[in-house]
Each structure stands twice: as C-alpha cells, then as structure tokens.
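> Produce the entire structure from the sequences given, and follow the hints as far as they go.
Each chain, letter by letter, is given below.
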Amino acid sequence: MNEIIRVENLHKSFHSLHVLKGINFKVAKGEIVSVIGPSGSGKSTLLRCLNHLEVADKGSISFEGQYIAKADTTGKAVYKSNKEVLAICSNLGMVFQNFNLFPHKSVVENIIEAPMMVKGKSKEAAGKIAEELLNKVGLLDKRDAYPNQLSGGQKQRVAIARALAMEPEIMLFDEPTSALDPELIGEVLQVIKKLAEEHMTMIIVTHEMNFAREISDRIIFMDDGQIVIDGVPDDIFVNPDHPRIKTFLNKVL
Amino acid sequence: MADLLNISLYILQGAVISVKIYVVTIIFAIPLGMLCAMGKMTKIAPLKWFLEMYTWIFRGTPLLLQLFFTYFGLKILLGIELSKEMAAYLTFIINYAAYFTEIFRAGIQSIDKGQYEAAKALGMNYGQTMKRIIIPQAIKVILPPTGNEAVTLIKDTALCSVIALADILRNAKSVVSRTASVEGYLVAAALYLIMTFVIIKAFKYIEKRFEYYN
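Sequences listed follow chains A and B, in order. Reminder that position 207 of the first sequence reads as 206 in numbering that gives the first Met the number 0, one-by-one numbering, no gaps. Reminder that position 34 of the second sequence reads as 33 in numbering that gives the first Met the number 0, one-by-one numbering, no gaps.
Hints were generated in silico from the structure; no laboratory data involved. Idealized CB from N, CA, C, for every residue including glycine. Take the hints with a grain of salt, since some may be wrong.
Here are the simulated distance ranges between beta carbons [claimed, not checked]:
id : chain 1 : residue 1 : chain 2 : residue 2 : range
1  : B       : Glu80     : A       : His14     : 51 to 57 Å
2  : A       : Ala86     : B       : Gly38     : 23 to 29 Å
3  : B       : Pro144    : A       : Lys69     : 43 to 49 Å
4  : B       : Pro144    : A       : Ala86     : 35 to 41 Å
Here are the simulated lysine-lysine pairs, DSBU-like style, with alpha carbons at most 30 Å apart [stated by the list, open to error]:
id : chain 1 : residue 1 : chain 2 : residue 2
5  : B       : Lys42     : A       : Lys79
6  : A       : Lys75     : B       : Lys42
7  : B       : Lys112    : A       : Lys122
8  : B       : Lys47     : B       : Lys130
9  : A       : Lys28     : A       : Lys120
10 : A       : Lys104    : B       : Lys112
11 : A       : Lys75     : A       : Lys57
12 : A       : Lys127    : A       : Lys192
13 : B       : Lys74     : B       : Lys154
14 : A       : Lys82     : B       : Lys42
15 : A       : Lys192    : A       : Lys135
16 : A       : Lys104    : B       : Lys207
17 : A       : Lys25     : A       : Lys118
18 : B       : Lys130    : A       : Lys122
19 : B       : Lys207    : A       : Lys122
20 : A       : Lys141    : B       : Lys112
21 : A       : Lys141    : A       : Lys127
22 : A       : Lys82     : B       : Lys112
23 : B       : Lys130    : A       : Lys141
24 : A       : Lys118    : B       : Lys42
25 : A       : Lys79     : A       : Lys118
26 : B       : Lys74     : B       : Lys172
27 : A       : Lys57     : A       : Lys79
28 : A       : Lys118    : B       : Lys112
29 : A       : Lys120    : B       : Lys112
30 : B       : Lys130    : A       : Lys79
31 : A       : Lys127    : B       : Lys130
32 : A       : Lys82     : B       : Lys47
33 : A       : Lys82     : A       : Lys25
34 : B       : Lys47     : A       : Lys79
35 : A       : Lys79     : B       : Lys112
Next up, the structure:
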C-alpha cells in the first residue's frame, strides 16, 4: 500500500481536556476516508493535527514517509522545524467549516495567492490554473466577485478550488457542509464527489452520513478521543455491532 | 477689513509650525506604532513588558506634561538641550506612536484566526501571512480610529505654544492681547476647522476605497 499519511499513538490535550487519546491510522494514496462520530469526539482536532493547525502532545505523524512529528523515547511528539513542517504541510489541502476565504481578495485572487507566494508561480500561470479550477467547481463566472457576494455553497466551492490550486497530494475536509443551509449542501458534495472520481486522496470529517457511506472507501468512527471502528462503510452502516455506533446512528439517521 | 487680513496672515504664519509638527508626527508615529504593535504581539517577554510600560506611561500622562518634560526636564536632568521644534517633534511622535500602537494591535488582533489558519494551510509563512492577508484587512479596521487620532493631533499641536513655538494658537493669542478683540481667536478657530475638515474628508475618501468588501 502506497501510504500517504500515518499517525501513531497521537495524543492531544487542551489544558486538562484530553481530546485525542492514542490515535493510530493510515491513509493510502487514492483512498477516501470519512471520519464520523459525535460532537466533541476529537474528529476535527485529529484532522487539524495532520497539517499542524494543532500541535500534538504525543505520538508521530508522517506524510509520505517523512515525519512531521516523531515520538521520542518518552512518546512526546517532537516536531521538525517550522519551516520544514510548513513545506511538508503545503502538500495537504484543507477545507474549513467556515470557508476562511480572504475577504479582501476577489475569487481569483484568493486562488492565485498561495501558488504565487509559496510556489513562485507567475500571475499568468496561476491565473490559468485558477480558471480551470473555477470551471471545475462551476464558478468561472464569479472569478472577479468578492467572497461577500457569494452564497455559502459558492464560498465553499471557491475554498475547495483555492486548496486544489496548490496541487495537494491529499485533501482534508473539516465539516465542509456544516455551516451551509440545507439547500446548498448538495452543490458542495457534488464537487467533492467529482474529486473522488478523479481518485483524489481525501479525509473528510462530516455529519453527512449518507454521503460518507456512498463516497468512502473507509469510515473511521470516533468517540471520546479514540477510534472505535476503522472499516468499510458496511461495517458501520449495515451491521454495526458496537453499541456506541448503534447509539450514534440512531441519533443521526 | 485690511486689519482682518493682516491678522489672518499673521496667524496663518503660525500654521506653518502646526502643519510641520502634524506631518512629521504622522510620518514617524505611524510606522513606529506599527512596529511597536508587532512587538507587542511577539512572544518575547522583555520586549512586551517594555512596550507595555511605554504605552502605559505615554497614554497615561498628559501630553502637555510630556512636552514640558522633553523641553525643560531633559535639560535639567541630563543636560540635553533640544530646540523647541525638536522637542515638539519628539514628544508628539512618541506620544502618538503609543496611541497608534494600541490601535494597530487591536486592529490586527481583530482579524479572525481562521485567516491565519487558511494562510498556513496553503503553505504561507508568517511574514507572507501578515503582509498579504492580515495587515491589508487590519487597515480597514484601523482606519476610523486612526482618523480620529489624526483629527485630535492637529488640535493637539496647539499645545506646542506653551514652549513658545509660534504656532496658530500662540500667534492668535498675541493678536488678541494686542488688539483687545476676539478676532484672533475666531481666525484661529476657522483655521483649525479648515484643517480638520480636510483631514476628515481625506480619511472618508480612504475608508471608501476599502468599502469594496466587508
């Protein structure tokens, strides 16, 4: 298996709150993994640890065999230098629940910013990629609009295009539809589906159970800072034998 | 009528020093405030502590007292003899930079942390994030309070008359004592009003240019 992400014995606390309690998992190239579970179970924190938006306390995280953080003999996570971590993490695209578009930049400027600043692309080259991506997410006509002129669904599609413009090896989605009105969720899920068809490697933290079931190769069910089940969708949706999953599914389905 | 013209021309001469203090203060205090604001947001404890003391002292004591101290106090204390103009420049720059420090710090800290996270997730380093993402947005937040300070500053320049700089107010006062009429004060008031009007308009214009997004 051509592994992209490997996480070993990951622990994370916020002050006295122990959010992640020893997480182990791997993601292979081309795999689509959804992370589900009740609120506060640590799903988002786990995702944010992968690209250094949260700093893990213990354990190891590696990307394509390179350690971002490596556990020392006591288990403590020792990170590479900020510069090295940033360089490695720029291979991980991230889509946020609240979009986090740059409000002072137009749609196309949002997309070309990082390719120009980080990858040193010319404005023309970055602009060309931006237009292709906008076409892909169906928003080419909005290229010169500002974020405040867009609906939530459109904002999230721009945010996806912005992350893709860095040509990431893997995309991380942190509840990409949770801030959207119900009628706007579909358009965002469509875009994610399109990426799935292109075999983009993805980790998706979501509450959209049907979508997760349909799109995922694997589903990770988290509860109370631990992975309870890591398996194919049918393990969770067809014959859930774990009482915590049953309780959870009864609440959300 | 000719009298009024003479009075006005005389007081207008005082506007030269007022405007000079104004321009020098703006040119130096704004960048200095920006640097101090950045300094306050670092993790370097002694620097933060020093800047905290600085803003506390200069925002916590009267500008008039600071002006006296720079001009008369330094001479007594350290034997440093500054020209009147230099004493005024120095005091106004250091005093206003303290206010700008707090305005800029608050403006930068008002930017949502999601903006930093988005930039970081895209691989942008801290310098790029500040320069391209945070500060351009902070400017929009900072403009209205900075405009307020800019208006206050032109009026505060009148304080320099106490160290015998021949500014608008001092010239107006000497006119009033000479002519024993209030015209001098009225002309001075008109001059301040004109200048503040221009400053307010200028800031309105700049703020408008940032209205394209919210």
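> Next, verify each hint and record whether it holds.
Hint by hint, here is what the structure shows:
At about 56 Å, the CB distance of glutamate 80 (chain B) to histidine 14 (chain A) agrees with the hint of 51 to 57 Å. At roughly 28 Å, the beta-carbon separation of alanine 86 (chain A) and glycine 38 (chain B) lies within the given 23 to 29 Å, and the hint holds. In this structure the supplied range 43 to 49 Å holds for proline 144 (chain B) paired with lysine 69 (chain A), their Cβ-Cβ distance being about 47 Å. Checked against the hint of 35 to 41 Å, the C-beta distance between proline 144 (chain B) and alanine 86 (chain A) comes to roughly 38 Å, which is consistent with it.
Annotation: proposed proximity of lysine 42 (chain B) to lysine 79 (chain A) holds, straight-line Cα distance about 20 Å (limit 30 Å). For the proposed pair lysine 75 (chain A) and lysine 42 (chain B), the alpha carbon gap of about 23 Å is at most 30 Å, so the pair holds. Restraint check for lysine 112 (chain B) and lysine 122 (chain A): the C-alpha separation of about 27 Å stays at or below 30 Å, so the hint holds. Pair hint lysine 47 (chain B) plus lysine 130 (chain B) holds up; C-alpha atoms about 21 Å apart against a cutoff of 30 Å.
Between the alpha carbons of lysine 28 (chain A) and lysine 120 (chain A) the distance comes to roughly 26 Å, so the proposed pair stays at or under 30 Å and holds. Between the alpha carbons of lysine 104 (chain A) and lysine 112 (chain B) the distance comes to roughly 17 Å, so the proposed pair stays at or under 30 Å and holds. Note on lysine 75 (chain A) and lysine 57 (chain A): the hinted pairing holds, with a Cα-Cα distance of about 4 Å set against a maximum of 30 Å. For the hint pairing lysine 127 (chain A) with lysine 192 (chain A), the CA-to-CA distance comes to about 23 Å; that is within 30 Å, so the pair holds.
Of the pairs offered as hints, the one joining lysine 74 (chain B) and lysine 154 (chain B) holds, with about 27 Å between alpha carbons and a cut-off of 30 Å not exceeded. Simply put, lysine 82 (chain A) and lysine 42 (chain B) have alpha-carbon atoms about 18 Å apart, close enough for the 30 Å limit, and the pair holds. For the hint linking lysine 192 (chain A) to lysine 135 (chain A), the alpha-carbon distance of about 12 Å falls within 30 Å, and the restraint holds. Proposed proximity of lysine 104 (chain A) and lysine 207 (chain B) is supported: the alpha carbons are some 16 Å apart, at most 30 Å.
Restraint check for lysine 25 (chain A) and lysine 118 (chain A): satisfied, since their Cα atoms lie roughly 28 Å apart, inside the 30 Å limit. Under the criterion of a C-alpha separation no larger than 30 Å, the hint pairing lysine 130 (chain B) with lysine 122 (chain A) is consistent with the structure, at around 18 Å. For the hint linking lysine 207 (chain B) to lysine 122 (chain A), the alpha-carbon distance of about 27 Å falls within 30 Å, and the restraint holds. Straight-line distance between C-alpha atoms of lysine 141 (chain A) and lysine 112 (chain B) comes to about 26 Å, which keeps the hinted pair within the 30 Å bound.
Using a Cα cut-off of 30 Å, the hinted pair lysine 141 (chain A) and lysine 127 (chain A) holds, with the two alpha carbons roughly 15 Å apart. For a cut-off of 30 Å, the pair hint linking lysine 82 (chain A) to lysine 112 (chain B) stands: about 20 Å separates their Cα positions. Using a Cα cut-off of 30 Å, the hinted pair lysine 130 (chain B) and lysine 141 (chain A) holds, with the two alpha carbons roughly 26 Å apart. For a cut-off of 30 Å, the pair hint linking lysine 118 (chain A) to lysine 42 (chain B) stands: about 29 Å separates their Cα positions.
Distance restraint check for lysine 79 (chain A) and lysine 118 (chain A): the Cα-Cα separation of roughly 21 Å lies within the 30 Å cut-off, and the hinted pair is therefore satisfied. Between lysine 74 (chain B) and lysine 172 (chain B), the direct Cα distance comes to roughly 27 Å. Compliance with the 30 Å bound is thereby established for this hinted pair. Using a Cα cut-off of 30 Å, the hinted pair lysine 57 (chain A) and lysine 79 (chain A) holds, with the two alpha carbons roughly 14 Å apart. Between lysine 118 (chain A) and lysine 112 (chain B) the alpha-carbon distance is near 23 Å, which keeps this suggested pair within the 30 Å criterion.
With a CA separation close to 26 Å, the supplied pair lysine 120 (chain A) and lysine 112 (chain B) stays within the 30 Å bound. Between lysine 130 (chain B) and lysine 79 (chain A) the CA atoms are separated by roughly 25 Å; this keeps the pair inside 30 Å, and the hint holds. Distance hint between lysine 127 (chain A) and lysine 130 (chain B) is fulfilled; the C-alpha atoms sit about 24 Å from each other, no more than 30 Å. Restraint check for lysine 82 (chain A) and lysine 47 (chain B): satisfied, since their Cα atoms lie roughly 25 Å apart, inside the 30 Å limit.
This hinted pair checks out: lysine 82 (chain A) and lysine 25 (chain A) have alpha carbons roughly 24 Å apart, not beyond 30 Å. A hinted pair counts as satisfied when its Cα atoms are at most 30 Å apart, and lysine 47 (chain B) with lysine 79 (chain A) qualifies at roughly 27 Å. Our distance criterion of 30 Å between C-alpha atoms is met by lysine 79 (chain A) and lysine 112 (chain B), whose separation comes to about 23 Å.
Hint violations for this structure: none, all hints satisfied.
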